[in-house]
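Let's have the full structure, built from the sequences with the hints guiding it.
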Amino acid sequence: MSLSKFERKLGLTWIALGLLQTLLFLLLSTCYHFGVPGNEIFLPLVWIWHALIWVVLLRFRSLFTRLDGTPLTSLGWPNILTLFRLSSLPALTVLFLLARNRHELAWPLVIFISVVFLTDLADGYLARAFNLGSRLGQLIDSSSDYIILMTLTLILGISGVLPSWLLTLVLIRLIFQIVGSLLLFWRAKKPRLETTWLGKASLFVLMVLYALEIMVFLRWHGLADSIFLQGTEIAAGFIMVISLYDKARFFYRALKQPPQ
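Using the working numbering, read the sequence shown as starting at 1 and increasing by one per residue.
It cannot be assumed that every hint is accurate.
Label-pair distances were calculated between CB atoms; the ranges are [stated by the list, open to error]: (1) Thr73 / Ala129: 16 to 22 Å; (2) Ile111 / Pro258: 47 to 53 Å; (3) Pro258 / Arg100: 47 to 53 Å.
Since the hints were made in silico from the structure, they are not lab data.
We treat Cβ as the ideally placed atom computed from N, Cα and C, and that holds for glycine.
The structure is reproduced here in C-alpha coordinates:
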(Lines of atoms letter the chains of each structure in order from A and count residues from 1; the text may use other names and numbers.)
(Lines give C-alpha, C1' and ligand atoms only; values in the text may rest on other atoms or scores of the structure.)
Protein backbone atom coordinates (compact mmCIF):
# COMPACT_ATOMS: atom_id res chain seq x y z
CA MET A 1 0.00 0.00 0.00
CA SER A 2 1.54 3.28 -1.13
CA LEU A 3 1.39 6.34 1.09
CA SER A 4 0.72 9.89 -0.01
CA LYS A 5 3.11 12.69 0.90
CA PHE A 6 0.82 13.79 3.74
CA GLU A 7 0.51 10.22 5.04
CA ARG A 8 4.29 9.90 5.14
CA LYS A 9 4.46 13.15 7.15
CA LEU A 10 1.79 11.82 9.49
CA GLY A 11 3.63 8.51 9.89
CA LEU A 12 6.97 10.18 10.64
CA THR A 13 5.30 12.50 13.17
CA TRP A 14 3.61 9.55 14.86
CA ILE A 15 6.92 7.65 15.08
CA ALA A 16 8.65 10.78 16.44
CA LEU A 17 5.99 11.11 19.14
CA GLY A 18 6.46 7.45 20.07
CA LEU A 19 10.20 8.04 20.40
CA LEU A 20 9.56 11.17 22.48
CA GLN A 21 7.30 9.23 24.85
CA THR A 22 9.91 6.48 25.11
CA LEU A 23 12.74 8.93 25.87
CA LEU A 24 10.69 10.83 28.46
CA PHE A 25 9.68 7.61 30.20
CA LEU A 26 13.25 6.28 30.22
CA LEU A 27 14.42 9.62 31.64
CA LEU A 28 11.89 9.33 34.46
CA SER A 29 12.86 5.69 34.91
CA THR A 30 16.50 6.70 35.35
CA CYS A 31 15.67 9.50 37.79
CA TYR A 32 13.18 7.52 39.89
CA HIS A 33 14.56 4.00 39.44
CA PHE A 34 11.47 2.29 38.04
CA GLY A 35 13.44 -0.90 37.58
CA VAL A 36 12.78 -3.77 35.21
CA PRO A 37 9.00 -4.22 35.79
CA GLY A 38 8.09 -0.65 34.83
CA ASN A 39 10.24 -0.67 31.71
CA GLU A 40 9.10 -4.15 30.70
CA ILE A 41 5.48 -3.03 30.80
CA PHE A 42 5.96 0.32 29.08
CA LEU A 43 8.33 -0.44 26.19
CA PRO A 44 6.19 -3.11 24.46
CA LEU A 45 2.97 -1.26 25.33
CA VAL A 46 3.97 2.06 23.77
CA TRP A 47 4.89 0.56 20.39
CA ILE A 48 1.95 -1.84 20.24
CA TRP A 49 -0.26 1.17 20.94
CA HIS A 50 1.38 3.28 18.24
CA ALA A 51 1.14 0.47 15.70
CA LEU A 52 -2.56 -0.02 16.49
CA ILE A 53 -3.39 3.68 16.18
CA TRP A 54 -1.46 3.89 12.90
CA VAL A 55 -3.59 1.09 11.44
CA VAL A 56 -6.75 2.88 12.58
CA LEU A 57 -5.59 6.20 11.11
CA LEU A 58 -5.00 4.60 7.72
CA ARG A 59 -8.44 3.01 7.93
CA PHE A 60 -9.87 6.54 8.07
CA ARG A 61 -7.54 8.10 5.51
CA SER A 62 -10.59 9.56 3.73
CA LEU A 63 -10.74 12.05 6.63
CA PHE A 64 -7.31 13.51 5.91
CA THR A 65 -8.98 16.72 4.73
CA ARG A 66 -9.77 20.21 5.91
CA LEU A 67 -13.30 21.04 6.98
CA ASP A 68 -14.09 22.25 3.45
CA GLY A 69 -13.04 18.89 1.99
CA THR A 70 -9.69 19.92 0.49
CA PRO A 71 -6.84 17.45 1.13
CA LEU A 72 -4.46 18.17 3.99
CA THR A 73 -0.90 18.99 2.99
CA SER A 74 0.50 19.56 6.49
CA LEU A 75 -0.48 18.42 9.97
CA GLY A 76 -0.56 21.77 11.75
CA TRP A 77 0.01 22.32 15.46
CA PRO A 78 -3.55 21.45 16.55
CA ASN A 79 -3.26 17.94 15.12
CA ILE A 80 0.28 17.51 16.47
CA LEU A 81 -0.90 18.42 19.99
CA THR A 82 -3.83 16.02 19.71
CA LEU A 83 -1.54 13.24 18.48
CA PHE A 84 0.76 13.93 21.44
CA ARG A 85 -2.20 13.46 23.78
CA LEU A 86 -3.13 10.20 22.07
CA SER A 87 0.51 9.08 22.12
CA SER A 88 0.80 9.69 25.87
CA LEU A 89 -1.73 7.04 26.94
CA PRO A 90 0.78 4.18 27.59
CA ALA A 91 3.06 6.42 29.68
CA LEU A 92 0.08 7.83 31.55
CA THR A 93 -1.23 4.35 32.36
CA VAL A 94 2.10 2.94 33.56
CA LEU A 95 2.86 6.05 35.64
CA PHE A 96 -0.50 5.68 37.35
CA LEU A 97 0.21 2.06 38.20
CA LEU A 98 3.64 2.93 39.59
CA ALA A 99 2.59 6.09 41.46
CA ARG A 100 0.00 4.38 43.63
CA ASN A 101 2.71 2.95 45.89
CA ARG A 102 5.50 5.44 45.14
CA HIS A 103 4.70 8.86 46.55
CA GLU A 104 7.75 10.47 44.95
CA LEU A 105 6.04 10.02 41.56
CA ALA A 106 3.06 12.17 42.57
CA TRP A 107 4.38 15.43 41.17
CA PRO A 108 5.75 13.98 37.90
CA LEU A 109 2.36 12.33 37.35
CA VAL A 110 0.39 15.49 38.15
CA ILE A 111 2.61 17.57 35.84
CA PHE A 112 2.29 15.01 33.04
CA ILE A 113 -1.50 14.83 33.38
CA SER A 114 -1.71 18.64 33.43
CA VAL A 115 0.27 18.85 30.19
CA VAL A 116 -1.97 16.23 28.58
CA PHE A 117 -5.15 18.06 29.64
CA LEU A 118 -3.75 21.43 28.53
CA THR A 119 -3.17 20.09 25.02
CA ASP A 120 -6.92 19.45 24.90
CA LEU A 121 -7.54 23.16 25.41
CA ALA A 122 -4.67 24.33 23.21
CA ASP A 123 -5.47 22.26 20.12
CA GLY A 124 -9.07 23.49 19.97
CA TYR A 125 -8.03 27.11 20.50
CA LEU A 126 -5.36 26.98 17.80
CA ALA A 127 -7.69 25.27 15.34
CA ARG A 128 -10.33 27.97 15.79
CA ALA A 129 -7.99 30.97 16.06
CA PHE A 130 -5.95 30.14 12.96
CA ASN A 131 -8.59 28.33 10.92
CA LEU A 132 -6.70 25.02 11.12
CA GLY A 133 -9.68 22.77 11.69
CA SER A 134 -9.74 19.44 9.87
CA ARG A 135 -11.77 16.24 9.69
CA LEU A 136 -8.69 14.37 10.92
CA GLY A 137 -8.50 16.71 13.90
CA GLN A 138 -12.15 16.12 14.76
CA LEU A 139 -11.61 12.36 14.65
CA ILE A 140 -8.47 12.15 16.77
CA ASP A 141 -9.53 14.90 19.21
CA SER A 142 -12.79 13.24 20.22
CA SER A 143 -11.23 9.76 20.14
CA SER A 144 -8.30 10.74 22.36
CA ASP A 145 -10.62 12.40 24.88
CA TYR A 146 -12.81 9.32 25.24
CA ILE A 147 -9.90 6.86 25.29
CA ILE A 148 -8.06 8.78 28.02
CA LEU A 149 -11.24 9.26 30.05
CA MET A 150 -12.09 5.56 29.75
CA THR A 151 -8.58 4.65 30.93
CA LEU A 152 -8.72 7.05 33.89
CA THR A 153 -12.21 5.81 34.77
CA LEU A 154 -11.06 2.20 34.92
CA ILE A 155 -7.91 3.02 36.92
CA LEU A 156 -9.76 5.20 39.45
CA GLY A 157 -12.65 2.73 39.64
CA ILE A 158 -10.53 -0.39 40.13
CA SER A 159 -8.43 1.40 42.76
CA GLY A 160 -11.60 2.21 44.72
CA VAL A 161 -11.17 5.98 44.47
CA LEU A 162 -14.21 6.59 42.27
CA PRO A 163 -17.54 5.77 44.00
CA SER A 164 -19.20 2.68 42.52
CA TRP A 165 -22.39 4.54 41.55
CA LEU A 166 -20.42 7.20 39.69
CA LEU A 167 -18.16 4.60 38.09
CA THR A 168 -21.28 2.84 36.78
CA LEU A 169 -22.77 6.06 35.39
CA VAL A 170 -19.55 7.13 33.67
CA LEU A 171 -18.98 3.69 32.14
CA ILE A 172 -22.57 3.58 30.85
CA ARG A 173 -22.12 7.05 29.32
CA LEU A 174 -18.79 6.22 27.67
CA ILE A 175 -19.87 2.78 26.42
CA PHE A 176 -23.12 4.27 25.07
CA GLN A 177 -21.06 6.82 23.14
CA ILE A 178 -18.80 4.13 21.69
CA VAL A 179 -21.64 1.77 20.71
CA GLY A 180 -23.72 4.59 19.20
CA SER A 181 -20.76 5.86 17.17
CA LEU A 182 -20.03 2.34 15.90
CA LEU A 183 -23.67 1.89 14.85
CA LEU A 184 -23.59 5.15 12.91
CA PHE A 185 -20.30 4.17 11.30
CA TRP A 186 -21.62 0.73 10.36
CA ARG A 187 -24.71 2.31 8.83
CA ALA A 188 -23.07 5.17 6.94
CA LYS A 189 -19.62 3.58 6.35
CA LYS A 190 -18.03 6.76 7.68
CA PRO A 191 -17.76 8.26 11.17
CA ARG A 192 -20.18 10.93 12.38
CA LEU A 193 -18.02 13.56 14.05
CA GLU A 194 -20.69 15.93 15.40
CA THR A 195 -20.65 16.73 19.09
CA THR A 196 -23.34 18.21 21.32
CA TRP A 197 -22.97 21.02 23.83
CA LEU A 198 -23.87 18.71 26.70
CA GLY A 199 -21.38 16.15 25.43
CA LYS A 200 -18.59 18.72 25.62
CA ALA A 201 -19.80 19.88 29.04
CA SER A 202 -19.79 16.32 30.40
CA LEU A 203 -16.21 15.80 29.21
CA PHE A 204 -15.10 19.05 30.87
CA VAL A 205 -16.78 18.17 34.17
CA LEU A 206 -15.20 14.72 34.13
CA MET A 207 -11.76 16.22 33.58
CA VAL A 208 -12.24 18.59 36.54
CA LEU A 209 -13.53 15.76 38.73
CA TYR A 210 -10.71 13.43 37.74
CA ALA A 211 -8.14 16.09 38.59
CA LEU A 212 -9.52 15.94 42.14
CA GLU A 213 -9.85 12.15 42.17
CA ILE A 214 -6.24 11.81 41.06
CA MET A 215 -5.20 13.75 44.18
CA VAL A 216 -7.20 11.25 46.25
CA PHE A 217 -5.57 8.42 44.29
CA LEU A 218 -2.17 9.83 45.25
CA ARG A 219 -3.32 10.03 48.88
CA TRP A 220 -3.23 13.81 49.21
CA HIS A 221 -4.57 14.51 52.71
CA GLY A 222 -7.80 16.35 53.45
CA LEU A 223 -9.58 15.80 50.15
CA ALA A 224 -10.93 12.24 50.20
CA ASP A 225 -13.91 12.93 52.49
CA SER A 226 -14.35 16.63 51.79
CA ILE A 227 -17.77 18.13 51.06
CA PHE A 228 -16.29 19.83 47.99
CA LEU A 229 -15.27 16.50 46.43
CA GLN A 230 -18.60 14.87 47.26
CA GLY A 231 -20.47 17.83 45.75
CA THR A 232 -18.37 17.63 42.60
CA GLU A 233 -19.10 13.90 42.32
CA ILE A 234 -22.85 14.50 42.65
CA ALA A 235 -22.72 17.30 40.05
CA ALA A 236 -20.77 15.05 37.69
CA GLY A 237 -23.28 12.24 38.14
CA PHE A 238 -26.18 14.63 37.42
CA ILE A 239 -24.53 15.86 34.23
CA MET A 240 -23.78 12.26 33.19
CA VAL A 241 -27.50 11.42 33.39
CA ILE A 242 -28.54 14.52 31.43
CA SER A 243 -25.83 14.05 28.79
CA LEU A 244 -26.80 10.38 28.43
CA TYR A 245 -30.36 11.45 27.60
CA ASP A 246 -29.04 14.13 25.23
CA LYS A 247 -26.77 11.63 23.47
CA ALA A 248 -29.61 9.11 23.19
CA ARG A 249 -31.72 11.73 21.39
CA PHE A 250 -28.79 12.56 19.11
CA PHE A 251 -28.23 8.94 18.12
CA TYR A 252 -31.97 8.34 17.69
CA ARG A 253 -32.32 11.26 15.26
CA ALA A 254 -29.12 10.31 13.44
CA LEU A 255 -30.20 6.68 13.00
CA LYS A 256 -33.61 7.75 11.69
CA GLN A 257 -32.03 9.78 8.90
CA PRO A 258 -31.35 7.96 5.61
CA PRO A 259 -27.64 7.20 5.00
CA GLN A 260 -25.91 9.89 2.96
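Tested hints:
1. Separation of Thr73 from Ala129 is about 20 Å and conforms to the stated range, judged on CB atoms against 16 to 22 Å.
2. The hint said 47 to 53 Å for the Cβ distance between Ile111 and Pro258, and at roughly 49 Å that hint holds.
3. Look at Pro258 against Arg100: about 50 Å separates their beta carbons, and that is inside 47 to 53 Å.
The structure agrees with every numbered hint stated previously.
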